[in-house]
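Taken in sequence, the protein lines are chains A and B. Here the first sequence is numbered in numbering that gives the first Met the number 0, starting from 0 and rising by one per residue. Here the second sequence is numbered in numbering that gives the first Met the number 0, starting from 0 and rising by one per residue.
None of these hints come from the bench; they were simulated from the model. There could be a bad hint or two in this list.
No copy is singled out in the list; a pair is fine if it fits within one copy or between any two copies.
[Claimed, not checked] Lysine-lysine pairs mimicking DSS-like chemistry, simulated, CA-CA at most 27 Å apart: (1) K209 - K31; (2) K409 - K363; (3) K22 - K328; (4) K26 - K323.
Only a predicted model underlies this, so the values are computations on that prediction, with no experimental measurement involved.
Protein chains: 2
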Amino acid sequence: MQTNKRHTLNPNIIAARYAVRGKTFLKAQEIKKEIDSSKEKGEKNPYPFDEIVYCNIGNPQMCNQKPLTYLRQVISLCEDPSLMELTDRYPKDVIKHAQELIDAMGCEGTTGAYTHSKGLLYIRKNVCKYLKQRDGVEVNPDDIFLTDGASTGIKMILNMVISHHLHGIMIPIPQYPLYSAAISQFGGSQVEYYLNEDNNWEIDMDSVEKALSDALYNGISIKAFVVINPGNPTGQVMTVDNMKKIIEFCFKNNIILLADEVYQENIWGDVPFNSFRKVLEMMPEEIRTGLHLISFFSVSKGFYGECGKRGGFFEITNIGKFEKTQMYKLASINLCSNVVGQEAVELICNRPKPGDESYELFEKEKNQILGELKLKANIIYEALNKCEGIHCNPAMGALYLFPRIDMPQKFLDECTKKNLIPDEEYCLRMLKKTGICVVPGCGFGQLDNTYHYRIAILPPLEQIQKTISFIQNFHNEFMKEYK
Amino acid sequence: MQTNKRHTLNPNIIAARYAVRGKTFLKAQEIKKEIDSSKEKGEKNPYPFDEIVYCNIGNPQMCNQKPLTYLRQVISLCEDPSLMELTDRYPKDVIKHAQELIDAMGCEGTTGAYTHSKGLLYIRKNVCKYLKQRDGVEVNPDDIFLTDGASTGIKMILNMVISHHLHGIMIPIPQYPLYSAAISQFGGSQVEYYLNEDNNWEIDMDSVEKALSDALYNGISIKAFVVINPGNPTGQVMTVDNMKKIIEFCFKNNIILLADEVYQENIWGDVPFNSFRKVLEMMPEEIRTGLHLISFFSVSKGFYGECGKRGGFFEITNIGKFEKTQMYKLASINLCSNVVGQEAVELICNRPKPGDESYELFEKEKNQILGELKLKANIIYEALNKCEGIHCNPAMGALYLFPRIDMPQKFLDECTKKNLIPDEEYCLRMLKKTGICVVPGCGFGQLDNTYHYRIAILPPLEQIQKTISFIQNFHNEFMKEYK
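With the hints as constraints, model all of the structure from the sequences given.
And the structure:
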């Protein structure tokens, strides 16, 4: 591991890229240090802004989104059950839920023990109830694996199916770079299909078919098909019709469908969210009982936004017994996902119901958070489209907008000359002028000669007008400079 | 992923084995279900015991070890900071520490945001102070990576150094099966050196040299050397002299040293724990500044035993800048380790000091837990050695004993005939007769024609006499049957 012996490192790791915390993010951290240090020294701030606005990542509570009271109260009680004697302080359902969780731990009420490798059975049973309510389908708790956020589960599955560089994983372009990074990490091939920007980022089925036949021609066998719905970074919400086509495609070609549905409760437009599990149920029996489906859920998104908890789960459908055993073994090697993260999953899936003492507050907090997010998605969307040379689809869901910048030719020429990536350079300049940290489109993938960035819709509402005027002013000056 | 298409699964995953939650553990779960179901139906319990005693895994709180009050109070406050108004309820240092942690989160005091990928800087700084106190060495917070337990860090490093089946990792035999499983998972080669049972499981340097030359002869290049100190499953604590030899060996052969030191606060004998980082400091400058060392720590063991929190960290020493950047990137793809686990690391490394309001209780709880563990290690050790045909080294440290069973020839012949693994069969029989779940030696590796099992020293003290008499009676009957 010496600098002069780079070849000793796994080249697949070296090849992996993760733009969300890549170049612009690292630069943002540098700038923050400069500002802090100038403050300390009593010197003039070298930048025209006081703080970094982190729109590079879906990290709501970093942008001042408040945690849900119910969730935090129950978790807090589970850590220190002596608090339960404070019956005046807590709603009855909070104490009841904490007590149930503690009883379920099976070890005199401590959250400090390893659980079953798939997660506590009590929680997995409640996840199944939640899924039944969502999808109308009975799920076996044995088919639920609790994980440290969705990422851990996704990586585990990719590690299971990839064992050769000719093993391909189909991913959308644009995609969330966890996928490209993990495929690289495990030494597989990224097989790209395209989302159609001109049709609100709907999956282009021609491009799906073409990607498959090109891959086969190149000797790549497809192991899994990744779909992100609602889309990240693109924010589309899939129609049932489009989903059926994907299911049919995967079934016909015997490909495992990996459904990344972590933004399922972030819906801003008229198209409702439907899970792939639910749509699968509408298919003919052969497909319904034959498609290999794995669906991912996270407590980091939605209105809960508990990123730091690293809670999540995946649900497997029509996966063979042998494969299930292998998954269980792999989960066992990791012992178990963190227990507080498991509790967070429980509290999202088994939330207060009408009549429960916490119900009203829970609903109020939920509606306020979702209402603000929707408002912000809309404000940023409109502001971006008002800029000359920016085109942006509305966010039908998820936590991002993905505007396209029609870069002036003069700027593109300059980038070619200086060997810069145009969208990355654009984002770096915006960062230095405005303090707003976004992720260039090249980190997600985009059609050649198009340039985008991903911006999270998370800046606090009281800051949003300032944020968008910063963005607009920067862009207008940029256009003026290169016109 | 259909049963008839097994070849589509990564063969490295299929090959991985993890005995700690393997056959005997699965059988134990079955038996538990049977007992529970017979209770429910009001039928007679088909087994001569009422509950499973889980000695298969170092999971202290599952065996009724109490969590540390200080740790739980601070974590609970961080989840629900409104509790801080209850100044009468909490010691002052608890509130102060919680407030510091919350302030360090940098997002209006929520534990719900992703942190820096390496973990909160505030915590990494306190880890460095802790290490300085332990080792007398200045550590840069940049060289600390907080992880979800130690396992995640170990797997991350193995994934980084293995990219070919001819990449070898040297591991002790017996070893903790996370290593063999992860080496298999990432497609490397396990290169085995031996611990000498007749010399209290000290590392046999001849066997180390032989393992290396055999590996080289077979075209295997060694990427890393794993040492577990205090030993798991073997419980030895290494002498400084022995450690120096390992350091010299790794330096001479340009091998990264991975020091698994998660049991560093579980010391039962006269040999004190010394970290490899500390011993490295005693070496000549060339080695001190040249050896690539990575050391692992966990909040799951020690006297804290917070397995469910999945907190831990690793410290890197003399690792090149390029490699560090790659590690940081890999950590970033995983976003961050869970924040509550990070807090647990903070609270172990930055514990109450003399004069702090919580100090006395903290020390009392610590001493009680460590005292009980030491007592239990000794009771089980003595009881085992009283059995005819069982030889057991004392546990100098860690949470296990690893007795050797001299199996009667008649039993071995029967196993050969029935195609059974003798130590596995022995453990399964013990489980069915006593409810005590241990892990057969074959899961850790052992010299050919020797048979062991690993038993955790964790059964509650009030149960320990019953446990050992169960073990003794079972073994005596077993010997009677096969003599």
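Each hint, compared with the structure:
no.	hint	verdict
1	K209 - K31	neither (45 Å within a copy, 53 Å between copies)
2	K409 - K363	neither (51 Å within a copy, 72 Å between copies)
3	K22 - K328	between (37 Å within a copy, 11 Å between copies)
4	K26 - K323	between (43 Å within a copy, 18 Å between copies)
The structure fails hints 1, 2 (numbered hints given earlier, in ascending order).
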